[in-house]
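> Here's the letter readout for the chains.
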Amino acid sequence: DQQVKQNSPSLSVQEGRISILNCDYTNSMFDYFLWYKKYPAEGPTFLISISSIKDKNEDGRFTVFLNKSAKHLSLHIVPSQPGDSAVYFCAARIDFGNEKLTFGTGTRLTIIP
Amino acid sequence: NAGVTQTPKFQVLKTGQSMTLQCAQDMNHNSMYWYRQDPGMGLRLIYYSASEGTTDKGEVPNGYNVSRLNKREFSLRLESAAPSQTSVYFCASSENRGNEKLFFGSGTQLSVL
Chain A
1 DQQVKQNSPS
11 LSVQEGRISI
21 LNCDYTNSMF
31 DYFLWYKKYP
41 AEGPTFLISI
51 SSIKDKNEDG
61 RFTVFLNKSA
71 KHLSLHIVPS
81 QPGDSAVYFC
91 AARIDFGNEK
101 LTFGTGTRLT
111 IIP
Chain B
1001 NAGVTQTPKF
1011 QVLKTGQSMT
1021 LQCAQDMNHN
1031 SMYWYRQDPG
1041 MGLRLIYYSA
1051 SEGTTDKGEV
1061 PNGYNVSRLN
1071 KREFSLRLES
1081 AAPSQTSVYF
1091 CASSENRGNE
1101 KLFFGSGTQL
1111 SVL
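Top line first, the protein sequences correspond to chains A and B.
Going by my numbering, 87 is the number at position 87 of the first sequence; the sequence numbering is gapless.
Converting from the second sequence to my numbering requires adding 1000 to each position, the first position being numbered 1.
Read the hints as simulated data drawn from the structure, not as lab findings.
The reader is advised that the hints may include incorrect statements.
[Said to hold, decoys possible] List time: in silico BS3-like cross-link candidates among lysine-lysine, alpha-carbon distance up to 30 Å:
1) B:1071 / A:100
2) A:71 / B:1101
3) A:71 / A:54
4) A:100 / A:71
5) A:37 / B:1071
6) B:1009 / B:1057
7) B:1057 / B:1071
8) A:5 / B:1009
9) A:68 / A:5
10) B:1009 / B:1071
11) A:56 / A:5
12) A:37 / A:54
13) B:1071 / B:1101
14) A:37 / B:1009
15) A:68 / A:100
16) A:68 / A:54
17) B:1057 / B:1101
18) A:5 / A:54
19) A:37 / A:100
20) A:68 / B:1101
21) A:54 / B:1101
22) A:100 / A:5
23) A:71 / B:1057
24) A:37 / A:68
25) A:37 / A:56
26) A:100 / A:54
27) A:56 / B:1101
28) A:5 / A:71
29) A:100 / B:1009
30) B:1057 / A:5
31) A:37 / A:71
32) A:37 / A:5
33) B:1101 / A:5
34) B:1101 / A:100
35) B:1101 / A:37
36) A:56 / A:68
37) B:1057 / A:37
38) A:56 / A:71
39) B:1057 / A:100
40) A:100 / A:56
Please take these sequences and the hints and turn them into a complete structure.
The structure is reproduced here in structure tokens:
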């Protein structure tokens, strides 16, 4: 049972445009959400996170939006750059002190120059 | 600053063989983790160590053992490898238990024939 779902395995976006990556979850107990970015032959790296008490968190070109009623979060990258080409994983946690992060299956983002 | 270092990067085993995956971090983090990544499954937690001297099971612990040798090192052992353990294994660390910002190693690609 996949509690965190990334339904788009891949996404291609023109350089300079907005990239929107989506993530849906089924467990209403999740209270913290994260995005990780992964380049080939490297481990994932933390990108941005959001607490369930917020609906938006921004860090430079990256913004994460959370819609709790829809159990949906999205990552916006504006403007998209070639270096953003990577696999993006969303992840969720139930509560503080809980080591278990539940990861989605990932979306491969390709930025077209 | 190396961060999280995993060895080996690649390994091929025959069914029934044993091996140990090594992981070391130089960030003075208290918590360490082992994940596996399989196609279409996302990353799944195998074992974790919230602090030196403690280890606990994650989501998919069967067939694995771990040792938190000291604060820096956390090893993962496959006693009798099975084809179902073919996967990419990632070690990660975090400053403290419940700190969701994980730092990952570059992974070990393991094939069990």
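> Work down the list of hints and note, for each, if the structure agrees.
Okay, the hints, checked on the actual structure:
A C-alpha spacing of about 20 Å is found between residue 1071 of chain B and residue 100 of chain A, which places the hinted pair at or below 30 Å, so the restraint holds. Between the alpha carbons of residue 71 of chain A and residue 1101 of chain B the distance comes to roughly 22 Å, so the proposed pair stays at or under 30 Å and holds. Our distance criterion of 30 Å between C-alpha atoms is met by residue 71 of chain A and residue 54 of chain A, whose separation comes to about 13 Å. Straight-line distance between C-alpha atoms of residue 100 of chain A and residue 71 of chain A comes to about 19 Å, which keeps the hinted pair within the 30 Å bound.
Restraint check for residue 37 of chain A and residue 1071 of chain B: satisfied, since their Cα atoms lie roughly 26 Å apart, inside the 30 Å limit. Restraint check for residue 1009 of chain B and residue 1057 of chain B: the C-alpha separation of about 24 Å stays at or below 30 Å, so the hint holds. This hinted pair checks out: residue 1057 of chain B and residue 1071 of chain B have alpha carbons roughly 18 Å apart, not beyond 30 Å. For the suggested pair residue 5 of chain A and residue 1009 of chain B, the alpha carbons sit about 29 Å apart, so the restraint of at most 30 Å is met.
Straight-line distance between C-alpha atoms of residue 68 of chain A and residue 5 of chain A comes to about 15 Å, which keeps the hinted pair within the 30 Å bound. Under the criterion of a C-alpha separation no larger than 30 Å, the hint pairing residue 1009 of chain B with residue 1071 of chain B is consistent with the structure, at around 22 Å. At most 30 Å may separate the alpha-carbon atoms for a hinted pair to count; residue 56 of chain A and residue 5 of chain A meet this at roughly 20 Å. With a C-alpha separation of about 22 Å, the suggested pair residue 37 of chain A and residue 54 of chain A falls inside the 30 Å cut-off, and the hint holds.
Under the criterion of a C-alpha separation no larger than 30 Å, the hint pairing residue 1071 of chain B with residue 1101 of chain B is consistent with the structure, at around 18 Å. Between the alpha carbons of residue 37 of chain A and residue 1009 of chain B the distance comes to roughly 20 Å, so the proposed pair stays at or under 30 Å and holds. Using a Cα cut-off of 30 Å, the hinted pair residue 68 of chain A and residue 100 of chain A holds, with the two alpha carbons roughly 20 Å apart. For a cut-off of 30 Å, the pair hint linking residue 68 of chain A to residue 54 of chain A stands: about 9 Å separates their Cα positions.
Taking the CA atoms of residue 1057 of chain B and residue 1101 of chain B, the gap is about 20 Å. The hint holds against a cut of 30 Å. The suggested pairing of residue 5 of chain A with residue 54 of chain A holds, with an alpha-carbon distance near 21 Å, which does not exceed 30 Å. Note on residue 37 of chain A and residue 100 of chain A: the hinted pairing holds, with a Cα-Cα distance of about 18 Å set against a maximum of 30 Å. Using a Cα cut-off of 30 Å, the hinted pair residue 68 of chain A and residue 1101 of chain B holds, with the two alpha carbons roughly 22 Å apart.
Proximity of residue 54 of chain A to residue 1101 of chain B is assessed by CA-CA distance (about 18 Å); at most 30 Å being required, the pair is judged to hold. The hinted pair formed by residue 100 of chain A and residue 5 of chain A meets the criterion: a straight-line CA distance of about 16 Å does not exceed 30 Å. Taking the CA atoms of residue 71 of chain A and residue 1057 of chain B, the gap is near 28 Å; set against the 30 Å cutoff, the hint holds. A distance of roughly 23 Å separates the Cα atoms of residue 37 of chain A and residue 68 of chain A; the hinted pair therefore holds under the 30 Å criterion.
Restraint check for residue 37 of chain A and residue 56 of chain A: the C-alpha separation of about 19 Å stays at or below 30 Å, so the hint holds. With a CA separation close to 21 Å, the supplied pair residue 100 of chain A and residue 54 of chain A stays within the 30 Å bound. For the hint linking residue 56 of chain A to residue 1101 of chain B, the alpha-carbon distance of about 18 Å falls within 30 Å, and the restraint holds. With a CA separation close to 11 Å, the supplied pair residue 5 of chain A and residue 71 of chain A stays within the 30 Å bound.
Straight-line distance between C-alpha atoms of residue 100 of chain A and residue 1009 of chain B comes to about 25 Å, which keeps the hinted pair within the 30 Å bound. For the hint pairing residue 1057 of chain B with residue 5 of chain A, the CA-to-CA distance comes to about 23 Å; that is within 30 Å, so the pair holds. Only pairs whose Cα atoms come within 30 Å are accepted, and residue 37 of chain A paired with residue 71 of chain A is accepted, the gap being roughly 21 Å. Simply put, residue 37 of chain A and residue 5 of chain A have alpha-carbon atoms about 16 Å apart, close enough for the 30 Å limit, and the pair holds.
In summary, the hint linking residue 1101 of chain B to residue 5 of chain A is supported, as the alpha carbons are separated by about 20 Å, within the 30 Å threshold. In summary, the hint linking residue 1101 of chain B to residue 100 of chain A is supported, as the alpha carbons are separated by about 12 Å, within the 30 Å threshold. As the CA atoms of residue 1101 of chain B and residue 37 of chain A are separated by approximately 12 Å, the hinted pair is consistent with the 30 Å bound. Between residue 56 of chain A and residue 68 of chain A the alpha-carbon distance is near 11 Å, which keeps this suggested pair within the 30 Å criterion.
Distance hint between residue 1057 of chain B and residue 37 of chain A is fulfilled; the C-alpha atoms sit about 25 Å from each other, no more than 30 Å. Distance hint between residue 56 of chain A and residue 71 of chain A is fulfilled; the C-alpha atoms sit about 14 Å from each other, no more than 30 Å. Simply put, residue 1057 of chain B and residue 100 of chain A have alpha-carbon atoms about 10 Å apart, close enough for the 30 Å limit, and the pair holds. For the hint linking residue 100 of chain A to residue 56 of chain A, the alpha-carbon distance of about 23 Å falls within 30 Å, and the restraint holds.
The structure is consistent with each of the numbered hints, conforming to all of them.
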